[in-house]
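For reference, the chains in residue letters:
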Amino acid sequence: MKTMTMKTKRTFFILVCLLPGLLLFSLFKVYPTFQIFQKSLYLWTGLSDEPKYIGFKNFADMLHDETFLLSMRNTGFLMLVVPIVTIMIALVNASILTQSKLKERGFYRTVFFFPSILSFVVIAILWSFIYHPTMGFVNTGLEMVGLEEWAKPWLGDQRTVLWALAITLIWQAAGYYMVMYMAGIDSISPELYEAADLDGATRIQQFFRITIPMLWEIIRVTIIFSINGVLSISFIIVSIMTGGGPDRHSEVVMTYLYAQAFTNSNFGYAMAIGVVVFMISMLLALVSNKLTERGSY
Amino acid sequence: MKKKNWFTFAAVAIALTTTLAGCGSGNSPSNESTPPSSASPSASDTAAASPSEGASPAGKTFENPELDVAVFQGGYGREFWDSAAEAFMQDYPGTKINITASPKIGELIRPKIVAGNPPDFMYISGSDNTPLVNGLIKDKALLDLTEVFEELTPEGAPLKDKILDGVLNSRATSPYDDGKVYLAPYNFGVMGLWYNKALFEAKGITPPKTWDDFFAANAAAKENGRALLTYQGIYPGYLEEMIVPAIYAAGGQEALKQFFDYDPEFWKSDTFKQVWGLMEKIATEDNALMTGTVALNHTQSQTAFLQGKAMFIPNGSWFEDEMKDAPREDGFSFGYLGVPSFGADKPVSALTNVETVVIPAKAKNPELAKEFLKYLYTDKIVQLNGDKAKAVMAVKGAPDLVKAYITETTYNVYKAADDGMIAVNGAFKPVAKGSKFNPSDEVYKPFSSIMSKQMTLDQYAEKLYKVYSEIQKELEAAGAQ
Chain A
1 MKTMTMKTKR TFFILVCLLP GLLLFSLFKV YPTFQIFQKS LYLWTGLSDE PKYIGFKNFA
61 DMLHDETFLL SMRNTGFLML VVPIVTIMIA LVNASILTQS KLKERGFYRT VFFFPSILSF
121 VVIAILWSFI YHPTMGFVNT GLEMVGLEEW AKPWLGDQRT VLWALAITLI WQAAGYYMVM
181 YMAGIDSISP ELYEAADLDG ATRIQQFFRI TIPMLWEIIR VTIIFSINGV LSISFIIVSI
241 MTGGGPDRHS EVVMTYLYAQ AFTNSNFGYA MAIGVVVFMI SMLLALVSNK LTERGSY
Chain B
1 MKKKNWFTFA AVAIALTTTL AGCGSGNSPS NESTPPSSAS PSASDTAAAS PSEGASPAGK
61 TFENPELDVA VFQGGYGREF WDSAAEAFMQ DYPGTKINIT ASPKIGELIR PKIVAGNPPD
121 FMYISGSDNT PLVNGLIKDK ALLDLTEVFE ELTPEGAPLK DKILDGVLNS RATSPYDDGK
181 VYLAPYNFGV MGLWYNKALF EAKGITPPKT WDDFFAANAA AKENGRALLT YQGIYPGYLE
241 EMIVPAIYAA GGQEALKQFF DYDPEFWKSD TFKQVWGLME KIATEDNALM TGTVALNHTQ
301 SQTAFLQGKA MFIPNGSWFE DEMKDAPRED GFSFGYLGVP SFGADKPVSA LTNVETVVIP
361 AKAKNPELAK EFLKYLYTDK IVQLNGDKAK AVMAVKGAPD LVKAYITETT YNVYKAADDG
421 MIAVNGAFKP VAKGSKFNPS DEVYKPFSSI MSKQMTLDQY AEKLYKVYSE IQKELEAAGA
481 Q
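Order-wise, the sequence lines are chains A and B. Residue 256 in UniProt numbering sits at position 256 of the first sequence, with consecutive numbering throughout. Residue 181 in UniProt numbering sits at position 181 of the second sequence, with consecutive numbering throughout.
Accuracy of the hints is not assured; some may be wrong.
To be verified - Partner residues aside, some chain B positions facing chain A, computed with beta carbon under 10 Å: (1) 127; (2) 137; (3) 295; (4) 332; (5) 441; (6) 447; (7) 454.
It should be emphasised that the hints constitute simulated quantities derived from the structure, not laboratory data. Ideal Cβ positions, reconstructed from N, Cα and C, are used throughout, including at glycine.
The task is simple: from the sequences and hints, build the whole structure.
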């Protein structure tokens with residue numbers, strides 16, 4: 001009897017402690033999310049106080065909206081390329097920096113991490129000058145080594161713009177994940193590598209047989225972080241670097257959502273896009289989680 | 001596993017909600033100020049009971065003496081609004097004007113509008129903010145101001161006579177084509193092509209009067225080591241400053257109406273072929289378009305122009321002020337040319353635009369807001385606007401009234417528009433509520449592809465024909481409801 005009351009007291013205490021956090025979470029996260037779902041069923045400019053209920057029309061319209069489909073394709077491209085390349089680069093760099101016992105290890109660690117502490121706006125402006133068609137680092141560099149016929153307006157050509165943006169996104173994120181992986185590698189017992197050395201395993205074998213399996217749980221989380229990161233960061237990068245151009249070939253779903261909500265006063269439709277993005281990113285997270293489950297690689 | 005899935009779910013949900021929430025919030029702090037009021041508000045309490053005489057020059061008193069004004073604080077600053085409010089409060093004792101000013105005024109007042117509690121008077125400008133006004137137009141949430149312009153001024157003529165010709169029946173002020181004014185004209189801007197006057201004078205080049213002259217100038221451009229034209233690449237919307245006057249020059253008001261009212265046949269017309277042909281020529285002719293233009297933003301391309309990388313660029317009367325800190329080639333001086341014509345006997349033209357001020361239909365104090373609006377058109381305030389904002393209002397004779405305050409370049413631009421240059425204005429008809437199309441984006445964004453020769457005019461025309469047909473269909477469907 002006595003233990004029961006202790007237990008109830010304990011539960012009661014925990015509940016009271018959780019309450020303020022839960023309340024704030026519901027008010028600022030759950031309620032707005034619920035609102036997104038609700039508003040997606042309305043024809044609403046986002047200004048008047050009388051939205052009109054139109055059922056699932058917003059969702060049906062999306063299927064015929066070519067710009068939306070194009071923006072989904074562009075976002076899909078970035079979501080596929082950026083996480084994969086970012087994580088590969090981060091893994092290789094992390095492994096080299098931890099294994100090779102370089103003297104400048106700390107220095108490289110700082111330098112690679114540097115982009116992560118810059119604001120996205122600064123990164124976008126920086127890269128729009130790197131890609132600047134006449135005075136940019138890329139084109140002048142190509143000219144210097146005599147490859148001027150390769151010079152292009154990278155952000156103005158519909159065939160290169162997405163790759164150019166992808167590189168910016170990768171540059172921004174690779175250092176961050178690298179530091180995460182380095183911390184992970186540091187916690188792998190050195191005996192494993194020593195034993196592998198004794199057995200004659202090469203560095204590359206060690207990377208695939210020891211580092212990656214031991215880091216697997218961290219990699220799984222970072223894949224999901226990275227996919228979601230692309231979704232939100234691409235908004236800032238695209239808004240500043242290309243404005244969705246040329247001719248919408250770099251429009252991503254977040255910039256299109258924003259344009260529909262705030263430039264086209266189509267708030268209900270924008271919320272419907274938000275719902276679809278929500279579903280898709282959740283689906284992607286689940287799928288990637290399932291695919292990377294231990295034992296399935 | 002279950003637990004982990006839940007974690008992912010939560011992580012995604014949080015990441016997404018924060019992203020979406022980010023779109024709406026991020027308010028910059030409001031800098032609300034209340035200029036000192038000379039009279040005490042209590043005076044109005046008695047005034048409401050028994051209208052007192054001679055309280056103001058107009059002999060008017062107001063039941064509600066307080067006015068909430070929201071203004072865009074952009075290139076023209078907020079000083080004008082502060083001093084105009086002060087002058088108004090002096091001339092109308094007992095009134096009190098609260099001014100909210102911000103570069104992001106749209107974001108600031110959006111929640112108030114949604115809550116049904118809008119400011120009484122708004123000056124919304126700047127590309128971040130104007131969509132708000134477009135939303136209000138779609139919602140039909142603006143006050144009808146027609147009678148304000150019918151009222152007689154102290155000089156004895158109706159106020160509308162004071163406004164520049166052609167402004168009050170344009171779509172900028174009368175968006176529903178019903179002859180009623182919903183947006184009151186404020187600053188007036190002139191747009192067109194610019195060149196380096198010093199260079200033209202030194203080398204004896206004459207500014208082109210016709211499109212043939214324009215393309216002939218390419219030789220001179222090449223000689224002087226520059227391309228013929230650049231524009232604000234990633235914002236191809238600036239090209240309207242050349243295209244709209246050219247449509248008018250080629251096909252007259254008729255063609256302009258087709259273009260702005262979504263007649264799909266426009267995209268099969270000769271006017272289309274003639275005007276867009278010019279753009280194609282710019283895209284294809286050697287040395288015509290500055291290398292890399294399509295990838296530049298407005299500052300980058302305008303700086304390239306100032307540095308002598310291109311001979312012409314489209315921009316508006318704000319150009320000189322906008323770029324005052326930018327590097328430029330030696331001896332650069334601004335020259336304004338307008339938009340060339342299609343024949344030596346035809347005058348050059350220019351695109352004009354009017355910034356507007358509005359009173360929301362739900363304003364709490366529409367009477368005082370209207371009085372304040374009328375007050376803005378007095379000579380005193382037009383001059384004050386020139387002094388504090390360095391801007392020219394869409395009022396007859398305004399350039400001369402404010403000559404002392406604006407630069408010579410700016411004055412000459414306005415004078416040029418006054419003397420024989422054809423002023424062209426126009427705006428797209430509002431699309432149906434809920435339409436996915438933003439007409440200006442649909443028309444101008446593909447120019448990036450045309451300029452990089454990745455889209456032919458035929459493909460473009462076909463696409464726009466479809467877009468216009470759909471916009472029409474949506475409008476009809478909305479009208480039927």
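Status of the hints after comparison with the structure:
no.	hint	result
1	127	9 Å, holds
2	137	9 Å, holds
3	295	3 Å, holds
4	332	18 Å, violated
5	441	8 Å, holds
6	447	8 Å, holds
7	454	6 Å, holds
Checked against the numbered hints listed earlier, the structure breaks hint 4 alone; every other hint is satisfied.
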